[in-house]
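Visitor: Listed here are the chains, written in short residue letters.
Number of protein chains: 4
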Amino acid sequence: MGKTQVYEVKVQFGDCDPAGIVFFPNFLRWMDASSLNFFMACGLPPWRELTRTTGIVGTPLLEIHTKFLRSATYGETLHIHTSVEEWRDKVFLQQHLIRRGDDLLCEGRETRAFVIHPPGEPGRLKAIPVPADIRALCG
Amino acid sequence: MGKTQVYEVKVQFGDCDPAGIVFFPNFLRWMDASSLNFFMACGLPPWRELTRTTGIVGTPLLEIHTKFLRSATYGETLHIHTSVEEWRDKVFLQQHLIRRGDDLLCEGRETRAFVIHPPGEPGRLKAIPVPADIRALCG
Amino acid sequence: MGKTQVYEVKVQFGDCDPAGIVFFPNFLRWMDASSLNFFMACGLPPWRELTRTTGIVGTPLLEIHTKFLRSATYGETLHIHTSVEEWRDKVFLQQHLIRRGDDLLCEGRETRAFVIHPPGEPGRLKAIPVPADIRALCG
Amino acid sequence: MGKTQVYEVKVQFGDCDPAGIVFFPNFLRWMDASSLNFFMACGLPPWRELTRTTGIVGTPLLEIHTKFLRSATYGETLHIHTSVEEWRDKVFLQQHLIRRGDDLLCEGRETRAFVIHPPGEPGRLKAIPVPADIRALCG
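Chains as they are written, first to last, in numbering that gives the first Met the number 0: chain A, 0 to 138; chain B, 0 to 138; chain C, 0 to 138; chain D, 0 to 138.
Since the hints were derived computationally from the structure, they do not count as laboratory data. One should not assume that every hint holds.
One copy or two, it doesn't matter: identical chains are merged, so the pair holds either way.
Computed cross-link-like contacts, PhoX-like style, restricted to lysine-lysine with a CA-CA straight-line distance of at most 20 Å [said to hold, decoys possible]:
#1 K66 / K89
#2 K89 / K125
#3 K125 / K66
#4 K125 / K2
#5 K9 / K89
This is chain A alone, in the form it adopts within the complex (with noise of 0.2 Å):
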């Protein structure tokens, strides 16, 4: 397996539920910053930057397979460790664990691809061979 990044989060007031604990899809929101930030980290540039110059426009979520381990509450720290698991011809495989200290809390396991506008389709996505390049960077 490649690099690990890990991106943190306050958990705030509004982040939780009437049950006094995290609404479930605030994990997911995060786990999707952790994925762009982890590229960031990398050195990748901001995809404005690499749309200009590979047209490429993001990486788009196919499936997400996520489990709940334990809750957590505001004014909480907590850590999410993002890397690629695999690297496919078409698409790639992210995951996250979100800990708090050495509890963990919740993991994801993403298939994601990197897409482009087809030649004179805007409104179309396609998904592209990953690469070399970033694959290379993330390693």
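Once you have looked at the hints, place chains B, C and D on chain A.
Guide: What follows is chains B, C and D alone, placed relative to chain A:
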């Protein structure tokens, strides 16, 4: 005052905070939805179409003043009564009254403007005079 | 398989991201709303009442597996078809199919449990066997 | 005016709307986080502890007036400068200035109150005079 359009919201568990009541930024999220719903209900085409025919890209919010009178919780159905209080040259004042039955929970007064991208400057937004035909439709 | 209940969602501008499509955690937020709506539509009382009579405080999510097949954007109306695929001793598998007309956009499979606070431990949650009367109502 | 505390926000992709800019209710979500952070940074204990020792359950928002001067987008870091402008008998006025570097993006003025549950009425909230020791800490 002109037309009033009503937008319905069913409060969900995840809209509420650890105090068991609606987390207040959600009221503003719903007012934004009701602002757009107002124009659609008055007969304007979807923004995507309006952009193609008139260049108008939206009605960004310049200012909002909101009062919270009563709280709400999940399982409740709310109704947002939206109207335009005043049309000025380049801005308009939109009012939202959020009710649960006869009770007024929250009121918001917004200042918004119709904006376009100035020719040759796709990254900028510029307010334009309120188009007479839109004003007539919403009258 | 037992009953299917349908929950309607009107996609708002603010539910969408800079790519112009629904930001994916919102799909999970809507699945959570549909999960609760399923039980209410099958005839269970609101959780607040259920808590008083049975001690059950909710059905927290243990695991969710979600696939994204097509995107959605604002102005569209979606329908979430929710059912229980399987009742096990202490957990149940709930399925959500999010459709726009005949198109399947997204499917989610959740593992949830009915939980109570163990006597004298208000800060803890404990899974209980799925109550037979609830299972019968949702059958 | 008393102390100013600064709360940092890194704008995420999912905080932005189809116009590519922060969806405005998120600014209010961050102001709420900064309001609570202000009290913690001034030395108050977490609400959960404050509730046990004083009965105070929070500082609900009664009114907010917000102006939007400039937009923000993902990848940017913002700083919210929060202070109490005025202490009145039963309410206080809290000001939030959201800056990106030297630019002021958004300002919010809130009216909030310290509330307790009246004895024997767990379902109600009642404003109390601002406690002198809290006022001194935040001075």
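Visitor: Would you mind marking each hint as holding or not holding in the structure?
Guide: Each hint tested on the structure:
For the homomeric pair K66 and K89, the shortest alpha-carbon distance between copies (17 Å) is at most 20 Å, but the shortest distance inside one copy (25 Å) is not. In this homomeric assembly, K89 and K125 come within 20 Å of each other (Cα to Cα) only inside a single copy, at 10 Å, whereas the closest approach across copies is 41 Å. With identical chains, the CA atoms of K125 and K66 are at most 20 Å apart between copies only, with a shortest distance of 17 Å across copies and 29 Å within one. In this homomeric assembly, K125 and K2 never come within 20 Å of each other (Cα to Cα): the closest approach is 27 Å inside a single copy and 37 Å across copies.
For a Cα distance limit of 20 Å, the shortest separation of K9 from K89 qualifies neither inside one copy, at 34 Å, nor across copies, at 30 Å.
Going down the numbered hints, you'll see the structure goes against 4, 5, while the others check out.
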